[in-house]
Every structure is written in structure tokens, then in C-alpha cells.
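Asker: Please assemble the complex out of the two chains, which come individually in their own frames, going by the hints.
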Amino acid sequence: MEKNQNNILEEVTNSDYKYGFHTNIEMDLAAVGLSEDTVRFISAKKNEPDWMLEFRLTSYRHWLTLTEPKWAHIHHPAIKYQDIIYYAAPKRKKELASLDEVDPELLDTFKKLGISLDEQKKLSGVAVDAVIDSVSVKTTFTDTLSKYGVIFCSFSDAVQNHPDLVKQYMGSVVPSNDNFFAALNSAVFSDGSFCYIPKGVRCPVELSTYFRINAANTGQFERTLIIADEGAYVSYMEGCTAPMRDENQLHAAIVEIVAMKDAEVKYSTVQNWYPGNKKGEGGIYNFVTKRGICKGSHSKISWTQVETGSAITWKYPSVVLMGDNSIGEFYSVAVTNNFQQADTGSKMIHLGKNTKSTIISKGISAGQSNNSYRGLVKVIKRAENARNFSQCDSLLLGDKCGAHTFPYIKAENHTSIIEHEATTSKISDDQLFYCKQRGISSESAIGLIVNGYAKEVLMHLPMEFAVEAQKLLAISLEGSVG
Amino acid sequence: MLSIRNLKVSIKGKEILKGINLDVNAGEVHAIMGPNGTGKSTLAYVIAGREGYEVTEGEIIFKGRNILDLSAEERACEGLFLGFQYPVEIPGVSITNFLRTAINEQRKYKGLDPVPAVEFLAKMEEKKQLLELQEKLASRSVNEGFSGGEKKKNEIFQMAMLEPSLAILDETDSGLDIDALRIVATGVNKLRRPDNATIVITHYQRLLEYIIPDVVHVLFDGRIVKSGGKELALLLEEKGYEWIRSES
Ligand SMILES: Nc1ncnc2c1ncn2[C@@H]1O[C@H](COP(=O)(O)OP(=O)(O)OP(=O)(O)O)[C@@H](O)[C@H]1O
Ligand SMILES: [Mg+2]
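Respectively, the protein sequence lines represent chains V and S.
All the letters of the first sequence, read from the start, carry residue numbers 1 to 482 under my numbering.
All the letters of the second sequence, read from the start, carry residue numbers 1001 to 1248 under my numbering.
Calculated directly from the structure, the hints in this document are not laboratory data.
Heads up, the beta-carbon is just placed ideally off N, CA and C, and yes, glycines get one too.
Worth double-checking, as some hints may not be accurate.
DSSO-like mimics (lysine-lysine), calculated; alpha carbons at most 27 Å apart, straight line [as the list claims (entries may be wrong)]:
hint, chain 1, residue 1, chain 2, residue 2
1, S, K1012, V, K471
2, V, K455, S, K1128
3, V, K455, S, K1151
4, S, K1239, V, K455
5, S, K1110, V, K471
6, S, K1012, V, K455
7, S, K1108, V, K455
8, S, K1110, V, K426
9, V, K455, V, K426
10, V, K347, V, K261
11, S, K1151, V, K426
Derived, one-sided and incomplete: chain S residues facing chain V with beta-carbon distance under 10 Å [said to hold, decoys possible]:
hint, residue
12, A1076
13, P1091
14, I1103
15, N1104
16, Q1158
17, Q1205
18, Y1241
From chain V, some residues computed to sit far from chain S (all C-beta separations above 12 Å) [stated by the list, open to error]:
hint, residue
19, R40
20, I74
21, V201
22, E412
23, A445
24, G452
Bound conformation, chain S alone (with noise of 0.2 Å):
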């Protein structure tokens, strides 16, 4: 699904990943933690084609293809999703319109034609009831006015209508109540195929409980430093960074 070499990323001429190296496969949930400004969310803009990075090095394959030429609207349409860390609010622009735009873009770059209004409205109400969501929600603007977990939640909404193959979820769970944390973890495991593939960017533990990661990266100033199995994230939770500062 998604294979990373060695890349090399820099803002403004600074260094910020030093050679990551990922290998995501169909069907999996990897998980990346790490302290602070240590690169994740620079990591899953770079992915996403956010522009403004400088790659000096490496490539990123996704579904066999280097993505590094692609635009982010191309890389979204190849089915790469990214579930924002702080998603952006658009006054004005209803959820509905959005994603029917979303939507249709992305078949539109498939040619295909647009969603019928029956197929997309049915869709709406079947994701809403997944994911618990109000029934309001979906006619107010896009995160305009929502509180913090409502934003999050709704960027889980909109991959559960986007059904990317890649979702990238930058701490979706920060901000998240308990409920809402129930909520939106059985939603990314219902969404769970075995022809698609979840990144969750976490700080806690707790969320790895209920999105069961088969893989666990810790990245640590611009590089991954130890990757493990789920218990990787319990040892974290004990002994904190400074135990990886000290291993590696």
C-alpha cells in the first residue's frame, strides 16, 4: 500500500524528517507516536502533497506509483485521506455540499459521473448513524463553530464517505471524550478492510486500546526510531521518551 525510502524533508532549509523509512500493507493499522515537534504531523503533509516541503531525498510509493509528482488533490483521488491534527473551517460551505463536491471531484477524476443525489444523501445517513453523529451536523459549515471533538469527529464522517484505501489520522483522538473516543475508534474499525489501510498518529495509549495497531513506529527527531508491536506503546506510556532518547 504505501512504502517510504528514506525520506528526507526540510522547511525552509531546515532538516525536519532525516530518512524515513515505512512500509504500511493492506489491511493494517500502524500507529506513530512521539513527543512534540518531532515531524508526525510534517510527515503526513508530506504523504498528503501538502506543498511548502522540500524533499531533498527518498520517495514515497503508494500503491506501487511514486506520489512525490502528484498534487495533493491527485494523491486524495488515488485514495489517500488525511484526518487533520487542527481541521480548517470554510464559512459558509455546508458539510453536504462539501463532501457531494468532494465526492464528485474524485469521481470525476475516475470518469465517472457525479453521485446521484439519492445514492449520496443514503450514503450521508448511513455514515451519520455509524459514526453517532447529529443530525444537524451535516448542514452546518464545515467545522465552523464545532467544538473540538465535533471537528474531529467529523473528519472521521467525511473518510467514512471518502472510503480512502490510505487514511492518515493526526490525532483524531486529542480532544475526543470517552464516548467520543468509543465512537470514533469503532467507527475506524468498521472502516477496517482488508484492501485498505490506517496510520493513527497518536500521543495516548488509550486510543491504541481500542484501534488495535499491528504495528507500533516511534518517531524521534525526524526519524523512526524503534517500531514494535502494540505493547511498544504500553512501555511508552511507562517510561516515557527519555527511554528511547537513551536506547538510541
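Next comes chain V alone, as it looks inside the complex (with noise of 0.2 Å):
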């Protein structure tokens, strides 16, 4: 019984990438390698400010005197980030001033990718910024948007265009010299999305931004700032795909969020990064510091992420409770599959009074991969009841795979309430013959079961994600069932 589990597990985990095809469309590039010169090249390239130039070179220059973090529960091989190209981009030839201009072979990526740029036919409601090898392409909605005041746009246009909300944000909440990758990302980012809430709008659409890796031998760098003013609420979706490639490709992004007073921000990724082949080759390595900070009292952050790509994870969505009864909520389920590594969880840092984390983290491993949680609550003094309630859950499917779970936990004002639950389990023989037994398939079963073990968190994902989170989730473990 045990090897037939076994044998089905690995046919369940064993599907093919459909997100796999790169599109053909001519490239402006850099030059291979990372040096004073290629951070000049990316800023020149965009047009950029002296006050933007200075702060790349910085990190630049600051990111050479760091190494990379060790301590994550990942292997890979070196990176070689002389051998990298840290700028692509479509070429354009000119500005586009509507979607006919778009490279038809842009458009037809995203319409394999089920994306939508076409406002007239958006019938859904979200607006969307699509960024490929790190420039953004097109955000559709920005008329209807700034009817609000609200402002979504790419980073590039947001630093020509609104350039003093980005120098008083960008950086604030994830600082260049923060870690190896941030520093990495804020010296090369090429573009991302930016968005700003003002006081008292509730954004009448969901965001969202698709990223898209292309080119070969490329990073990707975007960056993401968000900012809500006092009383804004905004819903913000992202999600990414890359083509398969035998070589590792590098992403390393940075997520910045800012809720004012009594602001509300949601986050939910579908990350679905290129995960590489059965034999653990190709993928993409994915290191990204997504921060988020209530700065206001009664603000609210909340990060939802269904994790089932990349060859390596290394992500800690995190939110800084600053402000009094400000609350941090952080939903994940992140599956690995054959050899994927995948180390992530969140970080919660009490610094106001009476300020509130939920940490719900899922992890599904199955084949010869890894899932670890990594997980920090710290409360500081000054920080009079705070609370926080941590669940993180792993399910294994087949015996080859490991779950590991580092919850760090530093309290030190006694009136704090911390709680902290942890369980292991696996898909049993049982569940799988009941559902069998009533005409199930053992793939399909597996989609079931395991959906149902995420539900806590999918539940809190937009409508327009859930479904489409639901089924990847199914997919990325067909081939591992018994």
C-alpha cells in the first residue's frame, strides 16, 4: 500500500509547467555582469533623476560590502551574479498612448497567460499592471482610477510623474540596506508597481500586477510601493509565471506597503514562478523582502500567498505595528513539489499598544522537496497588549519530503499574549480510498483534500484569485497521490 502511494504521489507531482513558452519580441539589454556602470545604464535607460541615481548607487555600493544570507533552510548552487543580465526590456518604439500599439506578441503573452489588457472587454473590475522582465508594459483602469485620485502606475512613470511620494516612501519600510537582496534589487530594479491611495478612498477595483519573466539569463528587480493614505482601503493582487529554462534565473523583488491611520491594505500573491523540471533542474530562485508598515493607529495589513512556484522560496512577507491597535494578518499556503525548497513565513513586529497578528501559515510538501516555516514575533516593550495567535500547519504527501517549522518568538512586555500552534500530518490511505471509494480519481482527491486543508486560507483570498489558486494548487501536485 505504501509503495503504490507512493508511485501515485509521484504521478500526482509530476505535471508539466503550463506557464513554460517565452515569447519572441526583441530585447533592449544590458550587458552581462553588475557594476557601477550597469546600476548607471538601468538609470539613463529610464530617464531617471539624479536623487534616483544616488540612491541606487548607494545600495550599489553598500550591497558590495554585504554576502548572502546563510541561514535560510536552503541549497543551491553559487550564484553568479556576474553572469546575470539585470536589465531587459521590450523595445519600444515609441510611447504608447493606447493598447494598439502594444507588441502584438505582448499582448498574446498575456493572453496565454489569462490576462486581460483590454479595458474595453475588462469586464471583472480589476486594473491591471503587467510587468515583463521588469518593465511594466501597460496598466489598464488609470482613467477610471484617477477619477478617484487614486494613483496606479509603474514605478518608471511614478518616479518621473510623482516624484515626491516615491522619495518620501520608497525605502522607508524596507530600507536598501536591509538584506543582501534588497540591497541587491535597489541598486538594479528596473520597474514594478506603484500605487497611492488618498485619504478616505476605498479603491473601487481590485489592483493587480502580473509579472513575467522573458528574457533568458535574465533577473528580475521590481519593486512594488503602496501606499494608503488615512481611511483608504485598497485590495492589491499579484501574480507571476516564467518560462522554462534549464539555467536558475534570479528574481529578487521588494514590496513596500504603507496604511496610514485607520488604512486597510490587502496583498495576495499567486506566485507561480517557472518551479523547474522533475530532476530538480531550472526554476527560478526567488528571494524577494515584501514589508509592509501600519503607521497609523487602527491601520490594518494583510498578506495572503499561495506559493507554488520557483525553484527556491525565500520570503518573509512581514508587517511593523506601529501604530496603536494597528493588526497584521498573514495567510500562506506554499507547496513544494519534487525537488522545490521553500522557506518562508512572517515577520510581526509590535511596537504600538494593543496591536493585534494572526499568522495562519499551510505548507504542502511532496516529492524529494523542502517546506520550512520561518517565523518571527517580537513585541517590544513599550508594546502593552499586543496578541498573536500563529498556526502553522504542514502536510506531507509521500515520505521523501521534509517539513520544518522555526517560529522565533521575543516578547518582552509581560502583558503580551502569544500563542503558537503547530501541526504535521499527512494524506492518509484512508481519505484517499473514501474518496475513491465514491468515484474520485486519486488526482482529483488529492485536489480536494488538500484544498480543503487551505481552505482558512484561500477563503481570504479576491474572488477572481481563489479560483484560479484553487486549481494550481491542485495542478502543481498532480502526480503525488495514493
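Answerer: Structure (C-alpha cells):
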């Protein structure tokens, strides 16, 4: 029985990556490797003001003094930073005035991904910023949004058109010297999304960014900055895919969120970067720094993530709870299969009084993969009545995979209440047989059981994403049931 | 409907079923009784196609076809249903979602389109009433936190929804209070049709007062040692299995 389970597990975990195509688009590339010249090249390409170049150069110089962090439970051959191309952009003939001028190949790419960039045909009311190889190619709905005073544009456009906001907030949550990958990103980022919701505005549509790596040998370094002013609300979604390639590609992004008094930001991610093949070759190295700050009182930031892709995932979406009565949430499903490695979790830093945080982490490991939860709950001395609840569950499919939990708690105020629960379970033969006896195939059964297991997280996703995420969960475990 | 010939089954080299012969015709209800550990559940599992059992001899003919080579899900799609002695919990999966998935997979097997939502929900309503199920049960996760009796009722509810040709109910009566037993039995009776059949595995004569069996079999040490009418159940209750032992 045991043996059979593993066979089916293998089958289910062996489905193919369906976003693995790449598009032939003429590319504007930087020379291979990284130096001050590369940084200057990127800045010049983007026509940036001096302060931006300065920011990049300072970051670059700091990066030179750093070494890669080694504490994560991941293993990979050394990343050769001098072999990477740091800037790749679809060649633009001129400024795009309308969708008709977007490269048809590019539109085709997004069609294949199931993303419509056509505002007229867009029924679901989701504004999309599409970023391909770190360059924003098209932002939809800009006009509608501007009626509400909402700014939603590419990061580059924000640098040009809203320099004061960018200057004020960029690096205020994730300083460029925060860590090795943050410093690298701050030096070479090429684009990303920018979003500002003015005081008292509930953003009328979901904002969404699709990130796509296309060019070979390139790194993708995008940067997202979201600012919700007093009493504002926004729900933001991020999706990621990449072509199948034999070599590993580096992705090192930064996301910064600022929530002012009474503001709320909901950030949802469905990360499906190419995970590598069944032998563990290729796949994206995903080293991402995501952090939000609840700056004002009664503000709230929630991270919801479904992580199914990448050869390596290194990410810890965090919330700094500075305002009194602010709330931080982290809901995560991380699936690893074949030889994937994920080291992911969250940090909740309680600085204000009566701050509350919740961490729900659901790891699912199959194949020979490794899935680790790593989290920090920190309560400083003056943070009276802080509360945290953490629940970290691991689900194992098969017996060759690993699940690990590394919860760290630092409480300096005795009024804080911190609860941590952890479970490890397996999909049992009994459960599978029960499903099969009802006529449900092994694959569907795994999908059903896994989605049930992840339900507490999936229910926090916006509708448009939830369905996609459910399918993705089932697909990424295809070939791994018994 | 079902014809089992000289079925011998081992688990890890140990013979559990030692030559079972059993014939069940459409429209019939059969009861299988017997002491603990004699192989009743094993027989049910083997018919349903659970892996891990070694069939060393014999055949199982279901609707005219040897099903030993079919997977559990194929047998289910062919119309075989097993009401589990110990139903398992599937956290986070609502009964509604579970059943819709099951019905659609069975329909797919038969080349049919997925069941329209309205039709499905109407059927859920109808069957819920048939089994006097609590309104909220269907939105709860499959068996999660269910009481023993609720789990058994849920098995019959699933049977009602899936409309199998042959249902094997493994000790569906144990753990039920008198009212639940009556409801479950009534449910089974109402679902009885000339073209389907039921095998009830039970320890209690009591159930057979509600579900009148056509044939009662006594399974003893891996063999069916006695078959008879419903009066056999009464005899068993009166005399105990020792009587069978001395008879056989
Ligand atoms: N997976 C297994 N591994 C080892 N032995 C098993 C296994 N399953 C069943 N057996 C053994 O096979 C025999 C028959 O078990 P089975 O569950 O079929 O009995 P039963 O007649 O249904 O009993 P009960 O009335 O208690 O439900 C028992 O001795 C049991 O211990
Ligand atoms: Mg039994």
C-alpha cells in the first residue's frame, strides 16, 4: 500500500508547468554583469532624476559590502552575480498611447496567461499592471482610477510623475541596506508597480500586477510601493509566471506597503514562477523582501500568499505594527514538489499598544522537496497588550519530502499574549480510499483534500484569485497521490 | 448483480478470506453477520477495490464482469458503494463540494456533462429530507467533528445522492440511537428498487427488523458457513456464535 501511494504521489507531482512558453520579442538588454556602470546604464535607460541614481549607487555600494544570508534552510549552487543580465526590456518604438500600439506578441503572451489587458473587454473590474522582464508594459484602468485620485502606474512613471511620493516612501519600509537581496534590488530594479490611495478613498477596483520573466539569463528585480493614506482601502493582487528554462533565474523583488491611520491594505499573491523540472533542474530563485508598516493607529495590513512555483522561495512578508490598535495578518499556503525548496513565513513586529497579529501558515510538501516555515513574533517593551496567534501546519505527501518549522518569539512586554500551534499531517490511505470509493480519482482526491486543508488561507483571497489558486494547488501536486 | 466465486484473500501473507461464495441478485437485500475479526470488513473492502489485499484465488463478478482488475474509483463509477464502518474525516472539504465532485467524476466516467447546479442542489434537498438531516450538515466538512451517529447518517446520505446499483453497508447501524436507526433504515428501504441491491453487515438482529433481508449469511473465520432466511438472525441472537462453531 505504502509503495503504491508513493507511485501515485509521483504521478500527481509530475504534471507539467503550463506557463513555460516564451515569447520572441525584441529586447533591449544591458551588458552581462553588474558594476556601477550597469547601475548607471539602467538609470539612464529610465531617464531617472539624480536622486534616484544616487539611491541606486548608494545601494549598490552597500551591496558590495554584504554577503548572501546563509540561515535559510535551502541549498543551491552559488549564484553567479556577474553572469546575470540586469536589464531586459521589450523594445519600445515610442511611447504607448493606446493598447493598439503594444507589441502583438506581448499581448499574445498575456492572452496565454489568461490576462486581458483590454479595458473595454475587462468585465471583472480589475485594474492590471503588466510587468514583463521588470518593465511595465501596460497599466489598465488608469483613467477610471484617477477619478478617485487613485494613482496606479508603473514604478518608472511614478518616479517621473510623482517624485515627491516616491522620494518620501521608497526605502522607508525596506531600507536599501535591509539585506543582501534588498540592497541588490535597490541598485538594479528596473520597474514595478506604484500605488497611492488618497485619504478616505476605498479603491473601487482590485488592483493587480502580473509579473512575467521572459528573457533568458536575466534577473527580474521589480519593486512595488503601495501607500494607503488615512482611512483608505485597497486590495492588491500579484501574479507571477516564467518560461521553462534549464538555467536558474534570479528574482529579487521588494514590496513596500505603508498604511496610515485607519487605512487597510490587503495584498494577495499567487506565485507560480517556473519551479524547475522533475529532476530539479532550472527554475526561479525567488528571494523577495516584502514588508508593510501599519504607521497609523487602527490600520491593517494583510498578506495572503499562495506559493506554488520557484525552485527556491525565500520570503517573509512582514508587518511592522507601529500604530496603536493596528492589525497585521499573514495567510500562506506554500506548496513544494519534486526538488523545490521553500523557506517562508512572516515577521510580526509589535511596536504599538493593543496591536494584534495573526499568522496562518499551511505548508504542503511532496516529492523530495523541502518546506520550511520561519517566523518571528516580536513585542517590544512599550507594546502593551499585544496579541499574536500563529498556526503552522504541515501536510506531507509521500515520505521523501521534508517539513520544518522555525518559530521565533521575542516578547519584552509581559502583558502580551502569544499563542503558537503547529501540526504535521499526512494524506492518509484511508482518506484517499474514501474518496476513490465515491468515484473520485486519486488526482482529484488530492486536489480536494489539499484545497480543504488550505481553505483557511484560500478564503482570504479575492474571488478572482481564489479559483485560480485552487486549480493551481491541484495542478502543482498532480502526480503525487495515493 | 454480484457473484463471488471461491474468493481467497490474504493480508501480508495471512489468509483472511478462505473461499467466499456469494450471490446477490438485483432487488435483494442480504445481511452478513459474524463475530469480530472474521473478515466482514475485509470482504467489503476487497469488493470495493481497496489496495493492500492480496487476492490469491477466485473472482468477483459485478454486473456480469470480473471487476478484480478495476480500480476502486472505476468500481464506484460502475455503481458500487461502500458505507464505511469507520468513515474518515476530510477537513475543510464540505459535504456539498465532496458530493458534487464525486457525482461529476462518476458522470465523466459515463461520458456525461457535469450535473447542473440547480439539479444538484434540488437533489441534495430531497435526500436531506429523506434522511431528516440537519440543514447545516451539508455545509460542514466531511465527517469532521461529526458524532458517530452523524457519520453513519452521512454515509447513507451519500448513498442516496450517488444512487449505486449495489450498496454494501458495513455496520452502518452501530452507533445509531433508536430514532437514527429508524431514519437510516427507512432511508435504505425507500431507496430500494428492483434494479439495485444492498448488503448490510451487522452485529444486530435489531437492524433487520427495519431492513428485512432476503438472505442472511454467517461469516465465520473467513468462510460463509451458513445462509438462510431472516429467522437465522434471530437464531444467532438467541444462541450466539458458539452455536455456529459447534454446527460447523
Ligand atoms: N490492514 C490489515 N493488516 C493486518 N491485519 C488486518 C488488516 N485488516 C484486517 N486485518 C485482520 O483481518 C481480520 C479480519 O478483519 P475485519 O476487519 O475484516 O473483521 P470484521 O469481521 O469486519 O470485524 P468487526 O466485526 O470487528 O468489524 C482481523 O483479524 C484483522 O485483524
Ligand atoms: Mg468490520
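Asker: Run every hint past the structure and note whether it holds.
Answerer: Each hint, compared with the structure:
1. S/K1012 with V/K471: Measuring from Cα to Cα gives roughly 38 Å; hence the hint is violated.
2. V/K455 with S/K1128: With Cα atoms ~25 Å apart, V/K455 and S/K1128 stay inside 27 Å; holds.
3. V/K455 with S/K1151: At roughly 22 Å apart (the allowed maximum being 27 Å), S/K1151 and V/K455 satisfy the hint.
4. S/K1239 with V/K455: Cα-Cα ~52 Å, so violated.
5. S/K1110 with V/K471: holds, 23 Å
6. S/K1012 with V/K455: violated, 38 Å
7. S/K1108 with V/K455: It holds: about 26 Å lies between the C-alpha atoms, which stays within 27 Å.
8. S/K1110 with V/K426: violated, 32 Å
9. V/K455 with V/K426: holds, 16 Å
10. V/K347 with V/K261: Measuring from Cα to Cα gives roughly 21 Å; hence the hint holds.
11. S/K1151 with V/K426: holds, 22 Å
12. A1076: OK, holds: S/A1076 within 10 Å of chain V, min 4 Å.
13. P1091: Given a least distance of 6 Å, the restraint on S/P1091 holds.
14. I1103: holds, 8 Å
15. N1104: holds, 9 Å
16. Q1158: Hint holds; S/Q1158 Cβ to chain V Cβ min 7 Å, cut 10 Å.
17. Q1205: With a closest approach of 28 Å, the S/Q1205 hint is violated.
18. Y1241: Violated - the Cβ of S/Y1241 stays beyond 10 Å from chain V, reaching only about 28 Å at its closest.
19. R40: At roughly 52 Å from the nearest Cβ of chain S, V/R40 sits farther out than 12 Å, so the non-interface label holds.
20. I74: holds, 29 Å
21. V201: holds, 35 Å
22. E412: holds, 36 Å
23. A445: Non-interface label on V/A445 violated, nearest chain S Cβ at 8 Å vs cutoff 12 Å.
24. G452: violated, 3 Å
Of the numbered hints listed earlier, those contradicted by the structure are 1, 4, 6, 8, 17, 18, 23, 24.
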